[in-house]
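If you're matching them up, the sequences are chains A and B in order. Per the numbering used here, residue 305 is the first one in the first sequence, and the count goes up by one each step. Per the numbering used here, residue 305 is the first one in the second sequence, and the count goes up by one each step.
Just so you know, these hints were derived from the structure itself, not from any lab. One should not assume that every hint holds.
Said to hold, decoys possible - Here's a subset of chain A near chain B, in silico, CB distances under 10 Å, partners left out:
(1) Arg-445
(2) Thr-451
(3) Glu-483
(4) Met-484
(5) Thr-540
(6) Gln-573
(7) Arg-610
(8) Arg-655
(9) Leu-656
(10) Ala-659
(11) Gln-660
(12) Gln-686
(13) Ala-690
(14) Glu-691
To be verified - Pair by pair, the computed Cβ-Cβ distance ranges are:
(15) Leu-424(A) x Gly-507(B): 49 to 55 Å
(16) Arg-678(A) x Asp-307(B): 33 to 39 Å
(17) Pro-579(A) x Phe-608(B): 25 to 31 Å
C-beta: ideal position from N, C-alpha, C; glycine also.
Protein chains: 2
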Amino acid sequence: MSDLVDVIVVGAGAAGLTAARALVAAGREVVVLEARVRVGGRTLNLEVPGSDTYVEAGGMWVGPGQDRVLALVDELGFATFPTHVQGVNVGEFAGRMTRFSGRIPRLNPLVLADIGLTQLRLDRSARRIPLQAPWTAPHARELDGQTFDTWLRAHSHTAAGRAFFRLITQAVWCAEPEEMSALWAQFYIHSGGGVDSLINTAGGAQQDRVVGGTQRLSIAMAEELGERVVLDAAVTEIDWSDTEVRVRAGQRQWRARHAIVAVPPPLVQRIRFTPGLPAERAHLLQRMPMGWTIKVNVVYDEPFWRAQGLSGQANSDTRALGTVFDAGPPDGNPAVLVGFLEATHAQTASRLTPAQRRAVVLDDLAAYFGPRARNPVHYVEQDWAAEPFSLGCYGAFATPSTLTRFGPELRRPTGPVHWAGTETATRWAGYIDGAIESGHRAAAEILAATAP
Amino acid sequence: MSDLVDVIVVGAGAAGLTAARALVAAGREVVVLEARVRVGGRTLNLEVPGSDTYVEAGGMWVGPGQDRVLALVDELGFATFPTHVQGVNVGEFAGRMTRFSGRIPRLNPLVLADIGLTQLRLDRSARRIPLQAPWTAPHARELDGQTFDTWLRAHSHTAAGRAFFRLITQAVWCAEPEEMSALWAQFYIHSGGGVDSLINTAGGAQQDRVVGGTQRLSIAMAEELGERVVLDAAVTEIDWSDTEVRVRAGQRQWRARHAIVAVPPPLVQRIRFTPGLPAERAHLLQRMPMGWTIKVNVVYDEPFWRAQGLSGQANSDTRALGTVFDAGPPDGNPAVLVGFLEATHAQTASRLTPAQRRAVVLDDLAAYFGPRARNPVHYVEQDWAAEPFSLGCYGAFATPSTLTRFGPELRRPTGPVHWAGTETATRWAGYIDGAIESGHRAAAEILAATAP
């Protein structure tokens, strides 16, 4: 028979490991069960084959306002470095390839005015949404009853403006505006400090990198937790009563007073709960699908774009590789461009052979940065939707009407089972920072419930 | 080691049993694995405690145009009887309780004109959607990018008219117009022959009943299949290659050349596939949540409403029990009213105690039919969202953008695994008839693939 511990944590991403660490610090006995043979969830360092370097295949940036992840970076003794932004950006909008400084490309003044006004309205509407309970916003039901696309069509009056916000939607959520609730989109914007905060490098969510890669945060937390972390333990069943949980991974079983489930919503559905999850929670899970991105890291012998005065940042409202950044350190060694095939582009590209997909990516990079982009030293791609223990990336989003009907279930414990994961966060939902918030919150719930 | 059969069918509802029967008729060796200790899926006869009668807790009607289920009724030697419709209907719309003949209550002429015109537009738009491939409709992307609520707001111009279509949405899909794609709603309307066909008793989907209950269709098919049907075998894993499937239910294992999975989309996510499902199929499943209904059968000592000249049909755009029918046979013995708590009403009612919920239901029945409704002989309820092997009812629907992005995956086989279930049907999707279509289609796919 298995020993009884205080808490079993399911999932060794940033959320689960944060929760485990907080519980251990409070003197609790904890076991962390992780399906993969690694920790870090949607953060991942990939060794570049044939080199002594790595690229980041998952969540890779931190930025101002992300206080929890920045505190963790400090606490664990890591450092950050700024994303390379010096130079001119490349943008292809409304059929024209342009080079520009700052955030907004040179566009027709009417389009610029449309984009500016739409963003103003978006931020203003987003700020009215209470982060703890978006479903209580005065306009919640109206917003949640429509797709983000419907909202954008009502507020943006040029085709180029709408294309711009489609690109932003793809880049921020790896989803299309047609599939997401307008309330979720605006909650998320508020949660991340506004549109500029979400999309900017300097001053925004893409401002800084963690030296050694963000996965090291999880690796360091797991090292602290030591043998409490069990890898290769994909949880299949959770039996629960008011006072106990039994968690099974295949033939193995663990028992505890409480559990924290810290995996994305669609993966919770893989676990057989006995008794079954309450219908409202089950229906919430059915209405939070994952985004889809294929992330590509392309390594060159040198950062040739920097020598041309280019920042390495590129966007296009039509190309498959809609978003590109310089992913190298300040000294440019290694020289890395990171690109994202997002939402529909990821789906379309997933049907290609690896060679065809590589050709599409290099074609787009060459269009942005010139023919030298066709000759990388290494090419590393990661399709998060093909990962059975992620099913997509960056995170789950809510379909229309989900938050207003089922939002209160997001963080409501189910008996002794508590819920974590970045999708349950109130600030920086969808980011590493939100994952850490959720881990702290779930741990605090259990500590409060078991206070002597 | 388990024996190798030709086909394993997962799920012994009407879809799976139809497929199994067609395959056995063609000489194939078949095993049907059913999670429950009964067959019939979302059709279910419930014995009324303390009586010698039963009520139908699930799908209960058949109607004109449902050729496949009517053919099965004939083939198996069953009979049908007409739903009781004689008498006056009760409706509460825009705050007024009225009694009326026919389909449409007496309402303000402006509202009537609005409802009529909206229905005309709805049917006209629906007819343009190809049933085999709704995602190819000329206006598919526009429709799929919005919720059904957004579409209704653009086409119905009175609050009372929109309330009427909300009631219809709740009654037809057990969902709210805010959560469903307008393309899915209109595909479904076309699939079921138009709005009138979906909502009518005489001449529509509620016209007739099966003597003995619709579950008997599945029971009879299962009896024919005999020991091929294995109950209490909840499938947990499916390992597949191009040439073989291994299906596990806990410790037990079966092997076959092909499989047919005939369970609702959210339940497919409970099964661990190795290799994992292709990302496009996995994302389709993440975007098809179930509706939610609590179905209530209330048995009286006599059909007192008939004596008062009432048909037993009642609707309200505000009450929890929004839809009621007479569920008794022509002679009124037993005397049964069947009512539905649908969508948000089901969710709200699920939070009540059984006694509170019964009080709400009897209050509404008394408002429709007078105080005698408060004194039933038996009261039987079934919450389909609380059923771990259904997770909701009547069926799954598609959230916005799902059909256009992932619709082609609905019926695309995954290696040797074929997909059935009423949600994959082209005609009468969501109905028993659609389930039967899907079973025949899946069986035909395998027979075609294995033809000598």
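Hints versus structure:
1. Arg-445: 8 Å, holds
2. Thr-451: With Cβ-Cβ at 5 Å, under 10 Å, it holds.
3. Glu-483: 4 Å, holds
4. Met-484: With a minimum Cβ separation of about 8 Å from chain B (threshold 10 Å), the hint on Met-484(A) holds.
5. Thr-540: Thr-540(A) check passes; min Cβ-Cβ to chain B is 7 Å, inside 10 Å.
6. Gln-573: At 5 Å from the nearest chain B Cβ, Gln-573(A) passes the 10 Å test, so the hint holds.
7. Arg-610: 35 Å, violated
8. Arg-655: 8 Å, holds
9. Leu-656: 13 Å, violated
10. Ala-659: Violated. Min distance 19 Å.
11. Gln-660: 17 Å, violated
12. Gln-686: Violated - the Cβ of Gln-686(A) stays beyond 10 Å from chain B, reaching only about 13 Å at its closest.
13. Ala-690: 5 Å, holds
14. Glu-691: 8 Å, holds
15. Leu-424(A) x Gly-507(B): 49 to 55 Å: Taking Cβ atoms as reference, Leu-424(A) and Gly-507(B) lie about 53 Å apart, which means the hint holds.
16. Arg-678(A) x Asp-307(B): 33 to 39 Å: Violated: the Cβ-Cβ distance is about 55 Å, outside 33 to 39 Å.
17. Pro-579(A) x Phe-608(B): 25 to 31 Å: 39 Å, violated
Hint check: violations occur at hints 7, 9, 10, 11, 12, 16, 17; the rest are consistent with the structure.
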